[in-house]
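Q: Protein sequences, first through last, are from chains G and S. Quick note: the first sequence, position 152, residue 152 per the UniProt record's numbering, numbers continuous. Quick note: the second sequence, position 45, residue 45 per the UniProt record's numbering, numbers continuous.
Among these hints, one or two may not hold up.
Same chains, same label: a pair holds when it works inside one copy or across any pair of copies.
Derived lysine-lysine pairs resembling DSSO-like cross-links, with alpha carbons at most 30 Å apart [said to hold, decoys possible]:
hint	residue 1	residue 2
1	LYS88	LYS309
2	LYS107	LYS55
3	LYS309	LYS118
4	LYS45	LYS340
5	LYS45	LYS333
6	LYS309	LYS55
Read the hints as simulated data drawn from the structure, not as lab findings.
Protein chains: 2
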Amino acid sequence: MSFPRVGVIGAGQLARMMAVPANDLGIPFTVFASSPHDGANSVAKFVVGDYTNSKDVLAFAATCDVITFEHELVPASVIRELENSGVKVYPRAESFQYSQNKIIMRKKMEELGLPNPKWEESSDGHTSLNFPLIAKIPSGGYDGRGVFVINDQAALTQLAQGVNGVLLLEEKLPLEREISIMVARSPHGQASTWPATLTIQQDGICVQTITPVPDISDDLSIALQQVALRIAEGIGLVGVMAVELFIVDGSFVINELALRPHNSGHWSIEGAKTSQFEQHLRAILDLPLGDPSMTAAFAVMGNVLGGPKTDMYRPYLHLMARTPALKFHQYGKEVRLGRKIGHVTMTGENLLELQQEVDHAVDYMSGVIDE
Amino acid sequence: MSFPRVGVIGAGQLARMMAVPANDLGIPFTVFASSPHDGANSVAKFVVGDYTNSKDVLAFAATCDVITFEHELVPASVIRELENSGVKVYPRAESFQYSQNKIIMRKKMEELGLPNPKWEESSDGHTSLNFPLIAKIPSGGYDGRGVFVINDQAALTQLAQGVNGVLLLEEKLPLEREISIMVARSPHGQASTWPATLTIQQDGICVQTITPVPDISDDLSIALQQVALRIAEGIGLVGVMAVELFIVDGSFVINELALRPHNSGHWSIEGAKTSQFEQHLRAILDLPLGDPSMTAAFAVMGNVLGGPKTDMYRPYLHLMARTPALKFHQYGKEVRLGRKIGHVTMTGENLLELQQEVDHAVDYMSGVIDE
Numbered sequence: 001m002s003f004p005r006v007g008v009i010g011a012g013q014l015a016r017m018m019a020v021p022a023n024d025l026g027i028p029f030t031v032f033a034s035s036p037h038d039g040a041n042s043v044a045k046f047v048v049g050d051y052t053n054s055k056d057v058l059a060f061a062a063t064c065d066v067i068t069f070e071h072e073l074v075p076a077s078v079i080r081e082l083e084n085s086g087v088k089v090y091p092r093a094e095s096f097q098y099s100q101n102k103i104i105m106r107k108k109m110e111e112l113g114l115p116n117p118k119w120e121e122s123s124d125g126h127t128s129l130n131f132p133l134i135a136k137i138p139s140g141g142y143d144g145r146g147v148f149v150i151n152d153q154a155a156l157t158q159l160a161q162g163v164n165g166v167l168l169l170e171e172k173l174p175l176e177r178e179i180s181i182m183v184a185r186s187p188h189g190q191a192s193t194w195p196a197t198l199t200i201q202q203d204g205i206c207v208q209t210i211t212p213v214p215d216i217s218d219d220l221s222i223a224l225q226q227v228a229l230r231i232a233e234g235i236g237l238v239g240v241m242a243v244e245l246f247i248v249d250g251s252f253v254i255n256e257l258a259l260r261p262h263n264s265g266h267w268s269i270e271g272a273k274t275s276q277f278e279q280h281l282r283a284i285l286d287l288p289l290g291d292p293s294m295t296a297a298f299a300v301m302g303n304v305l306g307g308p309k310t311d312m313y314r315p316y317l318h319l320m321a322r323t324p325a326l327k328f329h330q331y332g333k334e335v336r337l338g339r340k341i342g343h344v345t346m347t348g349e350n351l352l353e354l355q356q357e358v359d360h361a362v363d364y365m366s367g368v369i370d371e
Numbered sequence: 001m002s003f004p005r006v007g008v009i010g011a012g013q014l015a016r017m018m019a020v021p022a023n024d025l026g027i028p029f030t031v032f033a034s035s036p037h038d039g040a041n042s043v044a045k046f047v048v049g050d051y052t053n054s055k056d057v058l059a060f061a062a063t064c065d066v067i068t069f070e071h072e073l074v075p076a077s078v079i080r081e082l083e084n085s086g087v088k089v090y091p092r093a094e095s096f097q098y099s100q101n102k103i104i105m106r107k108k109m110e111e112l113g114l115p116n117p118k119w120e121e122s123s124d125g126h127t128s129l130n131f132p133l134i135a136k137i138p139s140g141g142y143d144g145r146g147v148f149v150i151n152d153q154a155a156l157t158q159l160a161q162g163v164n165g166v167l168l169l170e171e172k173l174p175l176e177r178e179i180s181i182m183v184a185r186s187p188h189g190q191a192s193t194w195p196a197t198l199t200i201q202q203d204g205i206c207v208q209t210i211t212p213v214p215d216i217s218d219d220l221s222i223a224l225q226q227v228a229l230r231i232a233e234g235i236g237l238v239g240v241m242a243v244e245l246f247i248v249d250g251s252f253v254i255n256e257l258a259l260r261p262h263n264s265g266h267w268s269i270e271g272a273k274t275s276q277f278e279q280h281l282r283a284i285l286d287l288p289l290g291d292p293s294m295t296a297a298f299a300v301m302g303n304v305l306g307g308p309k310t311d312m313y314r315p316y317l318h319l320m321a322r323t324p325a326l327k328f329h330q331y332g333k334e335v336r337l338g339r340k341i342g343h344v345t346m347t348g349e350n351l352l353e354l355q356q357e358v359d360h361a362v363d364y365m366s367g368v369i370d371e
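Just need the whole structure built from these sequences, with the hints factored in.
A: See the structure below:
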C-alpha cells in the first residue's frame with residue numbers, strides 16, 4: 001500500500017489550491033491542463049490535453065489511481081467511458097449529473113422531498129409561471145452565465161428561440177440571503193459538513209463570504225447541515241459539494257449543487273482545521289475525513305476581481321502594512337475585467353472589522369480605491 | 001512593479017514548505033536542487049546544479065530577483081561571489097557566517113553582551129574547561145552531527161587529531177530545557193518574533209516542539225523574544241532565524257543560530273496567522289511582515305523519523321480516524337532509519353491531549369507502535 005496517485009481534470013485555481021494538501025499528505029498529484037500556462041501547473045506535475053476527448057483523458061487516467069474534477073464541463077460521456085474502463089472516478093458520473101444538469105437536479109430534489117422553487121421545463125417559451133421569472137440553460141453555466149431574469153413573455157419567447165433547446169424556468173423569489181453549505185462524503189459513506197456560509201453576490205458573482213452565517217437560528221443552521229448531508233447521501237456523493245440555498249421567509253429552497261471544491265468554501269483554508277481541498281482528497285481516497293471545525297469565530301473571504309489595476313504585487317506594500325493578518329491567494333491568472341484572479345481571507349472574532357479589512361483589500365487590489 | 005522571482009538554494013522540505021506561501025502570494029518560485037528527485041521539485045520549478053560551484057549558482061541567480069537558502073552548506077565564497085555580482089542574496093554573507101561558523105557566532109554573542117556557555121577554541125586538544133565538555137566542529141553540522149560529548153582528555157586528544165582543525169569547546173551545562181525563538185527581519189529593519197518554542201530532544205535530534213513554552217514566566221518569555229530581536233539586528237538578519245537557547249538555573253545561554261526556516265518553527269504553518277515560511281518570503285522581499293500571533297492556545301509538532309515502517313500511507317487509515325484534527329506533512333523522502341521524513345502538528349487548548357496525539361502519531365508512523 002503506497003501513496004495513490006491523484007489526477008485532476010482542470011488546472012485552474014481549484015486544482016492549484018488542492019495541490020497544497022496533496023503535497024502535505026505526500027499524494028502524487030497531476031493536473032490535466034488545457035494549456036501549459038494554467039494556474040495549477042506551477043505547483044503540480046501537469047499534462048496538457050483536451051478534456052472533451054476521451055482518448056486524451058483515458059491516457060491521462062492510465063497514469064493515476066483516482067481521477068477527480070475541478071469543473072463541471074467534462075462531458076458525461078467521457079466520464080462514463082472512464083468508469084467503463086475501470087478507472088476510479090470521483091464524483092461518479094451518476095452523481096455528477098446533478099451538478100451538470102439543473103433539470104435533473106430539480107427532479108432529484110423533489111424525489112428527496114427537498115424544497116425547490118416553483119419550476120418547469122420549457123423548450124418552446126410557454127410557461128405557467130408568473131413573470132418576472134428566472135430562466136436557466138440547464139448545463140454549462142456558472143457565475144451567473146446561462147442564467148437570465150425574464151420580465152415578460154416576449155423576452156422568454158426570444159430567449160427560447162435563441163437557445164434552441166430546453167430551458168429550466170423558476171419562479172423569481174424575494175431573496176433574503178444566499179447561503180452555501182459545503183459537505184464531504186467518502187465512498188463508504190462517512191460524511192461531514194462545515195458551518196453554513198453566507199455568500200454575498202453582486203451581478204450574479206459572489207464577492208464575499210461570511211462563515212458561519214451571522215444571525216441565523218441554531219435550528220435553521222442545523223437543518224441546513226442536515227439537508228446537505230441528505231443530498232450527499234441521496235446522490236451518492238464522493239468528494240466535496242457545495243449546496244447553494246436561498247433563504248426565503250425564514251425557510252429555504254435549494255438553488256444549485258456544485259460537486260467540487262467551491263468558491264464558498266475557500267474560507268476553510270485558514271478558517272477550518274481541515275480545508276475543503278484536503279477533505280476532497282481524503283474523501284476521494286476513502287481516507288477518514290478531517291476535523292471541519294473552525295479555527296476562529298468568523299472567517300471572511302473576499303474575491304479579487306480583475307479591475308483597472310494589472311499589477312497585483314504593488315498592492316502588497318500597502319495592504320500587508322495595514323492588515324498584517326490578511327491572507328492572500330493569487331491564482332496565477334492574467335488580470336481581465338471581472339475575472340476572479342484571487343481571494344483574500346481574514347479570520348478572527350470581530351466580524352465587522354474582518355469585513356472592513358476584506359472589503360478594503362479587495363477594492364484596493366481591484367483598483368476601485370485609488371492608491 | 002511585478003512579482004519578483006525568488007530562487008532557493010536547496011530543494012528539501014524547507015524549500016518544499018516555502019513553495020506554498022510563495023504560490024499563495026503569486027511569487028514565481030524556483031528551487032536549485034541537487035538531484036531531480038529532491039522533495040521540493042514536485043511543488044516548484046527546479047533546476048539541478050551544484051551549490052558549491054559558483055558558476056552553476058550564478059547562472060541560476062541570473063534567472064531570479066532574490067536568492068535565499070534552505071541550508072547553511074553553501075560556501076561563504078560562493079555567497080560573496082553572488083553579492084559581488086550584484087545579486088540580491090538574503091541572508092547576506094555577512095549575517096550568514098553566524099549560522100555557518102559557531103566560533104564566529106560565539107564571538108558575536110560576546111560582543112552583543114549575550115550569555116554564552118564558557119567556551120574556547122582548541123586546535124591541539126588542550127583545554128582549560130572541566131570534563132565532561134562539549135566539542136563542536138565549527139561548520140557544517142546539524143541535528144547533532146559534528147557535536148561530541150567529551151568525557152576526558154584522552155577522548156579530546158583523539159578527536160582533535162581526527163578532526164585536524166579547530167574545535168569549539170563548551171562547558172557541559174546542566175540543561176533544564178532547550179528553547180528556540182524564531183525571529184524575522186526585513187532589509188529596512190522591521191522585525192517580528194513568534195512565542196518561544198520548547199524543543200524536546202532525543203539523542204541530539206528534536207523529536208517534539210511545544211509552543212508557547214509551557215510554565216515559563218512572562219518576564220523570561222519577553223526577555224527571550226527581546227534577545228532574538230537584538231541578535232537579529234546585531235547580525236543584520238534578513239529573513240527568518242532560529243535562536244536556540246538553553247535554560248539553566250532559570251536563566252538562559254545562547255546555543256546556536258540557524259539563519260533559515262527551522263524545524264522548531266514548523267508549528268507555525270497551522271499554529272500562527274503567518275508561518276515562518278511566509279514570513280521568510282515577506283522579509284527577503286522587503287514586504288511588510290505578517291501577523292505572527294497564534295491561532296490556538298498551543299501548537300505541538302512531532303517529527304516523524306524513519307523507522308521500521310517504509311509505507312507512510314497506510315498509517316493514515318488509523319491515524320486520521322483516531323485524530324481528525326491531526327495535520328500531516330510528508331517531505332517526499334525515502335524512509336531511512338532516523339531520517340526526518342515528515343512531521344505532524346496539532347493545535348488546540350488541551351496541551352496534554354495534543355502531546356499524546358502527536359506522540360502516538362509519530363510512534364505509529366515510525367513503527368515504534370505495532371499495527
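Q: With reference to the structure, classify each hint as holding or not holding.
A: Hints and how they fare:
no.	hint	in the structure
1	LYS88 to LYS309	between (43 Å within a copy, 28 Å between copies)
2	LYS107 to LYS55	neither (32 Å within a copy, 67 Å between copies)
3	LYS309 to LYS118	neither (42 Å within a copy, 58 Å between copies)
4	LYS45 to LYS340	both (23 Å within a copy, 24 Å between copies)
5	LYS45 to LYS333	both (18 Å within a copy, 17 Å between copies)
6	LYS309 to LYS55	neither (41 Å within a copy, 39 Å between copies)
In this structure, the earlier hints numbered 2, 3, 6 are contradicted, and the remaining ones agree with it.
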